[in-house]
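Engineer: From first to last, the protein sequence lines stand for chains L and E.
Residue numbers for the first sequence follow our numbering, so the first one is 1 and each next one is one higher.
Residue numbers for the second sequence follow our numbering, so the first one is 1 and each next one is one higher.
By construction, these hints were calculated from the structure, which means they are not laboratory data.
All residues carry an ideal CB built from backbone N, CA and C; glycine is no exception.
One thing to keep in mind: the hints can contain errors.
[Claimed, not checked] Only some residues are given here: those of chain L computed to face chain E with a beta carbon under 10 Å:
no.: 1; residue: N31
no.: 2; residue: K106
no.: 3; residue: V109
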Amino acid sequence: SQQGEEDPQALSIQEGENATMNCSYKTSINNLQWYRQNSGRGLVHLILIRSNEREKHSGRLRVTLDTSKKSSSLLITASRAADTASYFCATDLGGSEKLVFGKGTKLTVNP
Amino acid sequence: GAGVSQSPSNKVTEKGKDVELRCDPISGHTALYWYRQRLGQGLEFLIYFQGNSAPDKSGLPSDRFSAERTGESVSTLTIQRTQQEDSAVYLCASSLVPGSYEQYFGPGTRLTVT
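Between the sequences and the hints, there should be enough to build the whole structure, so can you do that?
Structural biologist: The following block contains the structure:
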């Protein structure tokens with residue numbers, strides 16, 4: 001099974017609302033990353049949070065990490081139609097040089 | 001500077017044919033990764049190159065899949081005797097150093113096996 005599992009699988013909201021996506025993982029990690037993918041093509045890195053960090057902000061993005069629960073959340077505030085995409089969390093397996101990606105959350109922001 | 005590029009962007013091939021996919025990483029990036037993404041799914045790790053070290057091939061699904069990288073530059077992923085289940089988007093990514101650093105992705109090659 002996947003190291004990272006996002007939920008929900010799909011999320012539909014109105015422009016201006018906040019969107020929250022969650023990621024759970026199974027093994028210890030050094031860091032967790034969130035990526036965005038538009039139209040099934042290349043992924044774009046959004047934010048990286050290290051295992052000793054609890055919260056990180058970047059513009060309208062807020063990421064939290066709870067290593068005791070092995071979970072992370074990505075919050076997008078004041079969503080825009082352009083935020084419509086799939087969002088993936090990725091974890092390193094305790095310092096592995098590989099990233100393991102979840103199946104993603106498909107976010108639709110309706111104008 | 002230029003990002004990661006991949007070619008071709010789309011490839012349609014007949015079952016049983018061989019295909020070769022190309023990836024040009026960002027100059028100076030020592031680590032290069034190949035992933036496969038089936039429709040509506042997450043990314044499956046295929047293979048990882050780091051400098052002159054032996055590649056990590058642990059994700060290659062069968063011996064029909066192989067990949068090479070010349071130094072710290074271009075990489076090619078070859079699929080021999082393609083099957084319909086090989087249809088997917090193949091994504092390449094590079095990173096400045098391996099390990100827990102962000103990866104920069106190319107636009108992918110959409111492979112369709114008929």
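Engineer: Against each hint, give a clear statement of whether it holds in the structure.
Structural biologist: Hint check:
For N31/L, the shortest C-beta to C-beta distance to chain E is roughly 4 Å, which falls under 10 Å, so the interface hint holds. Because the smallest distance between the Cβ of K106/L and any Cβ of chain E comes to about 8 Å, under 10 Å, the interface hint for this residue holds. About 19 Å separates the beta-carbon of V109/L from the nearest beta-carbon of chain E, more than 10 Å, and the hint is not met.
Against the hints set out earlier in the document, a violation occurs for number 3 only.
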